[in-house]
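> Below are the chains, spelled out letter by letter.
There are 8 protein chains.
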Amino acid sequence: MNHASFVQAENARVDTGRHGRCGFPEVIFCEGKTASEVASISVVLAHTAGVVLGTRASRQQFDAVTAVLPEAVFHERARCITWNQANASSDNGKVAVVCAGTSDAPVAGEAVVTLETFGVEAMLITDVGVAGIHRLLAARDDINACDVIIVVAGMEGALPGVVAGLVEKPVIAVPTSVGYGANFGGLAALLGMLNSCGSGVTVVNIDNGFGAAYAAATITRLLHRK
Amino acid sequence: MNHASFVQAENARVDTGRHGRCGFPEVIFCEGKTASEVASISVVLAHTAGVVLGTRASRQQFDAVTAVLPEAVFHERARCITWNQANASSDNGKVAVVCAGTSDAPVAGEAVVTLETFGVEAMLITDVGVAGIHRLLAARDDINACDVIIVVAGMEGALPGVVAGLVEKPVIAVPTSVGYGANFGGLAALLGMLNSCGSGVTVVNIDNGFGAAYAAATITRLLHRK
Amino acid sequence: MNHASFVQAENARVDTGRHGRCGFPEVIFCEGKTASEVASISVVLAHTAGVVLGTRASRQQFDAVTAVLPEAVFHERARCITWNQANASSDNGKVAVVCAGTSDAPVAGEAVVTLETFGVEAMLITDVGVAGIHRLLAARDDINACDVIIVVAGMEGALPGVVAGLVEKPVIAVPTSVGYGANFGGLAALLGMLNSCGSGVTVVNIDNGFGAAYAAATITRLLHRK
Amino acid sequence: MNHASFVQAENARVDTGRHGRCGFPEVIFCEGKTASEVASISVVLAHTAGVVLGTRASRQQFDAVTAVLPEAVFHERARCITWNQANASSDNGKVAVVCAGTSDAPVAGEAVVTLETFGVEAMLITDVGVAGIHRLLAARDDINACDVIIVVAGMEGALPGVVAGLVEKPVIAVPTSVGYGANFGGLAALLGMLNSCGSGVTVVNIDNGFGAAYAAATITRLLHRK
Amino acid sequence: MNHASFVQAENARVDTGRHGRCGFPEVIFCEGKTASEVASISVVLAHTAGVVLGTRASRQQFDAVTAVLPEAVFHERARCITWNQANASSDNGKVAVVCAGTSDAPVAGEAVVTLETFGVEAMLITDVGVAGIHRLLAARDDINACDVIIVVAGMEGALPGVVAGLVEKPVIAVPTSVGYGANFGGLAALLGMLNSCGSGVTVVNIDNGFGAAYAAATITRLLHRK
Amino acid sequence: MNHASFVQAENARVDTGRHGRCGFPEVIFCEGKTASEVASISVVLAHTAGVVLGTRASRQQFDAVTAVLPEAVFHERARCITWNQANASSDNGKVAVVCAGTSDAPVAGEAVVTLETFGVEAMLITDVGVAGIHRLLAARDDINACDVIIVVAGMEGALPGVVAGLVEKPVIAVPTSVGYGANFGGLAALLGMLNSCGSGVTVVNIDNGFGAAYAAATITRLLHRK
Amino acid sequence: MNHASFVQAENARVDTGRHGRCGFPEVIFCEGKTASEVASISVVLAHTAGVVLGTRASRQQFDAVTAVLPEAVFHERARCITWNQANASSDNGKVAVVCAGTSDAPVAGEAVVTLETFGVEAMLITDVGVAGIHRLLAARDDINACDVIIVVAGMEGALPGVVAGLVEKPVIAVPTSVGYGANFGGLAALLGMLNSCGSGVTVVNIDNGFGAAYAAATITRLLHRK
Amino acid sequence: MNHASFVQAENARVDTGRHGRCGFPEVIFCEGKTASEVASISVVLAHTAGVVLGTRASRQQFDAVTAVLPEAVFHERARCITWNQANASSDNGKVAVVCAGTSDAPVAGEAVVTLETFGVEAMLITDVGVAGIHRLLAARDDINACDVIIVVAGMEGALPGVVAGLVEKPVIAVPTSVGYGANFGGLAALLGMLNSCGSGVTVVNIDNGFGAAYAAATITRLLHRK
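Protein chains in written order, with our numbering: chain A, 3 to 228; chain B, 3 to 228; chain C, 3 to 228; chain D, 3 to 228; chain E, 3 to 228; chain F, 3 to 228; chain G, 3 to 228; chain H, 3 to 228.
Mixed in with the good hints there might be a few duds.
Said to hold, decoys possible - Below, computed lysine-lysine pairings styled on DSSO-like, alpha-carbon distance capped at 30 Å:
(1) K96(A) with K96(H)
(2) K96(F) with K96(G)
(3) K96(C) with K96(B)
(4) K96(E) with K96(D)
Keep in mind the hints are simulated off the structure, nothing from the lab. In this text the structure is predicted, and so the values were computed from the model without any measurement.
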């Protein structure tokens, strides 16, 4: 397929050449699209790319997709729709998804679903916030055994900096909008992570578990293609 | 002396009753005052309170003070002027001033000078940022042996939360304006500290080493009066 | 119990060593957790720490807790769940919770419930805003008789500075998100308090009654252990 | 003179009809204008309005004005240039200019110079911040004897609300950019004043002593014309 | 009645001395109070001040008030509850309430109700935004015949500056939260008004029709007491 | 009709002279108006201008309009009401409305409806975001054949700058509030567009499809009047 | 010349195909470039495009340019460097540059220099702020006789909306960073202009006189090519 | 050397175990440190790690370092000090540093110096902004041949998203503080990058060329160790 090709679906030009150019197929950001548009794009992607991933999806959108792709799956807490033509090979490396608190679970879930859709193994480690640093130290070896580390944290934007000081793997930080008062919808966590003194931390947008997983998969693919 | 009394100095009403009401004499915030005004207020405080502390002071302001109070001392990096009628007793407890990096030294210095002016012993512990957490763990027992802990941190607003998870003493956090890019003059550190998941952390204004020391001294005085 | 221990509950690593390290058991921040997760963590804390405190709790979460801990109590306005194995001793000092207006009651309530859970006596003084300063002056002696003063204020971020100028005890300020227009969810009150010229004021996050109470209890415990 | 008239000066259309329409002549905001432009406008205003007031003026601009209007006066700290054809009558009421700290003096000075230029008596009361509330209470009767009260405050945005709770006269608040850290160039004081619970407070822009004085003079002129 | 007196209602200290100190009785800010608290405070004010004004009131709160004060009135769009022992004299001057658009009606309504409760005549002039400046010019004489002018504007923060350039009366501006996109809940209008080049404009908080009316009434009372 | 005329509708002064002054009739911003007010203004505009356009309209408001103007049309996704006395001539040029994603459709729709109401042909091109730049390059000639280009983009504030580098026509950018986390209601897209290095881009308010269309029509009218 | 061509200068790829693609040659944004880089790019543009425009230039950069292009001109207040191979034809239409105050002159100057470099006639109208609306009304016919109107305003973001309500030509607004206190470097003016109720206003970045002129020239070129 | 070891230098605890834990030695952030402190830390790092990298360095700090480490090098534009015991092997992969404009050179330089210090080959590609997209397309194959891509962009936060849509390698974005008006010190570029629709982009702090290089080197080291 041509790397610059696209297919016209309902109100959308599906970028079917993306897999060739960027290594992964296009993904559907469902928020703001009608259920019918999501279903229409899903069918195009199923036929051209063999895999469908919809993020920020509602159950109503899932119902429309399942009508045309019956094997589609809905991940409720992570708010994702997935459909795979065949089981993805999982020989694409391993990524740790580290989580400061139970409340960050939906964002971490989006990262895990995305990784698995791309054939990357995900190891979820929850509740290792810096207020009880021994819980993190206990998990240190498991974390460092992965290729890349995604750190999801809300109130506690501190966690990625601490993790980066303990391991020698790339650390991708996801600020979340969870928190009291002056968190300002995740801004506090975002700024904290950007200012993290732990070298080597990079950051994605607030609540963007998908983006972190995509970036992580870009790295593991390089590693495991060799 | 009456608790509601004051004395008229050049362009200023010096609150000479403050010591009686609040336990500490009034302190001079020098920024924006003329050298002559600072000197004039210093004389009033020297005579009524027996102790002078000027923060955010310039050398020019110090020169004016030293002309009328020859024993006054200038703390250059901390930007403070001090003058004590007699050596303050130092039986007022001990406060740890913990510092993430060398760059935070001026703010930490302001805290140390303030504590010592109020007769409180200060223990300065520098360069224990979270990116190398073992440096902090090594200092843990020293820190916990103090009555109160002041944590000064810029880029790394994370430090107070980590400290608070390790000790059982009150932790007062001072964000500083040191840092790269999206630190926004200390805003990132401030928000990080306010959102710190480590319970028991309270926060003062950006770069306000004085305020943290004052609050700490309020606590140690209660402890050591008994 | 080991200070670095933890117990695995549903989706959570409960920090059972926290009491030993920090002097108080871990507390459950309920927002964003499922009812089942809150109940599961509550049971672990009941058995290991003998006391349960859940903040930002919903009635639905309380129903799940009460199914496993029948004596649990729900404080509706303060949005807290509590459960105590035995009546906490109350010989841990006394804290004033001073409130600018009736609208700040939920946040003040969270502070009061937290203090009482930790065995600290709480004295609630409401409706003493600075627009009618005589109401505050009338309560001054009662306030100054406490060990620590928590000041909760929304529109009127001015109150902590005025209180700190009248007493010689530590003052902890809690900005609230109550108010007209340019309050920006408590930001105005927060900035006002940080800039308070009354020395000795420290600040916690917006609406964080729990954090203020925790910090206050850290101080009273030091005082009354002697 | 026609109320909609204007005169062309160097790079400026001087609104000579303003006195007729609004009760006061046009005033020169000097910042960003060349010395020559300020002098040119001053001459037009001297001839048409009989009074010149330039705010935010530099000494260099004053030198240009004094070359053409030798009796012009420079108020250094207030950064104002004034020139009056004849002594303004001062039977236009009295305004209190209340000041939290010495550091707010330049802004308060701009207000005083403006009032006097408009023939309004100004009473300056400095250093009555809320951290020592007795200093304010001592000045209460003097303040309430004026027609209007201007309150200038930086760190301490609280002062106008407290004053408004003590008097029955209009209170106009001027936030200043003086202060530590999270003052953000006066934003903290501005937000504090807007959220002031003391009813009847209105606010002008940060450091805008002129605007407050102009508004106050608009009120006293109504009062004393009767 | 003593100027520093207060009465204890349900969860509230009603400032019954406020009328003596400030010229107007206390007003109830209903948001965040229970219906029962609003009713309880209303009864105290009815008995001590003879007039009740509740702003930001809900119908549920009104129902509780009407149960104890049957003649109370609910102003739905303005969200105010009022009760007057006797018809207020209306010999207290006249205030224009000028409105940029229909959408600003609720805030303008709060101002009108407040003025009338305080016995001040209100003249409402709507839909005179600057995009059709001739509509404003047509109303100019009516506006200038009032003692004070309140200008309510959302998108169009420009209106107060234009009005202030046309009249010689005090202008009080109320920014509203109405508007498209980058209005940020009234922030754009607020900043626009603060930066208004029209001298003599003062500003109150976003959507604070009450505050503007209170300030206006403070001025008209001075004028008409003479 | 006089250019400075207006007609009084329910709570509104309809600016009937606007067409003569500005080239287009007044348009109704429906948000915050009652259904009855919208209908009343619609009737005045239908009679005086021969065309009605209501933006940000609800179905309830449309029902009120259709009761008095039965041929009125409701554009659901664009949230617009339109009514035309006669089919507008469409000889007023052609405008491209370029859209980064499906989610921006409502804002693009408001632009299209506005253009058509003003007799300008609109060409809608969707889903040409910069992440798949070939889709944009494929549409380049179609875009450049229009008189003016409106670019609507949310997450991807980058699109207008890229378009402006490819064409020689005026580019008007509309930021939308669609997007993840740190988009802050369109602020990120707005700032991105303002900082666009592509010369010749101008920007309207967030989500303001109407404003962009109005500005575009102002340009095409000049072109096609010649 | 190929529309996609470029030439390598010192540290820069000069986009020599830009004239063909976008209708105007590339322009040099001088801030942050060394004098030598500016001179090197100027030479390339002089040879390929026959016209050089450098904005935000310093005198030092000009000195380097004049060494290699002796006829280059420095516009000091506008901070621009220009060099034209031949006098540009001026048959490219006429643009009004309307200015609220003398202080906005540098930004207005940048717009005028840019227009003239592109062969467009510029008519500068200064000092017509909304506080004296009659000055603007007097200039109305002159303004409306131009093809496009650029409105430059700082404190007074109101001006573009008022102008747009008076004329039927495209209005491009430039916010400037001039102003008192809460102007926040032009943010207040920017937000005011974006929220302007005058339809048809589009906005460029703060202080970006160049961008406004470029956009205006894009429109006049369309008009005068016919 | 022990992974948790450190050495006490002047006012600093040098984290000598960092190389073992994180794969790279500690780096000196010079801003805010005295020249003497920088020199003292440099000596410790030279002896323990065999490599010294100081960022945000001044010439004065370099002079102090060169006195003790004569072979140290100063990179003026990049503001870095480097010293290597031996030439680092360069068999650690290759990173593209892509730059929107000449003005971003200092930040790009910091990235290049950091990469080379860590033994990673850096390929600098300047002046490929999105306003002339053909310049970027021409460099596409060179870029995609690298292991990781760092994109440095100021005004034009759009570039990383466009690059990520063209290549299949990890993209790390660095916003810079270069730009006009509403760039707000890099905030606009930062937000634009975070909202970039190009999947796989991660972001570091404003102007943080070092951090991007560090993160990139973490990835290339994994690749080339295999």
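> Return the numbers of the hints above that this structure violates; sort them in rising order.
none
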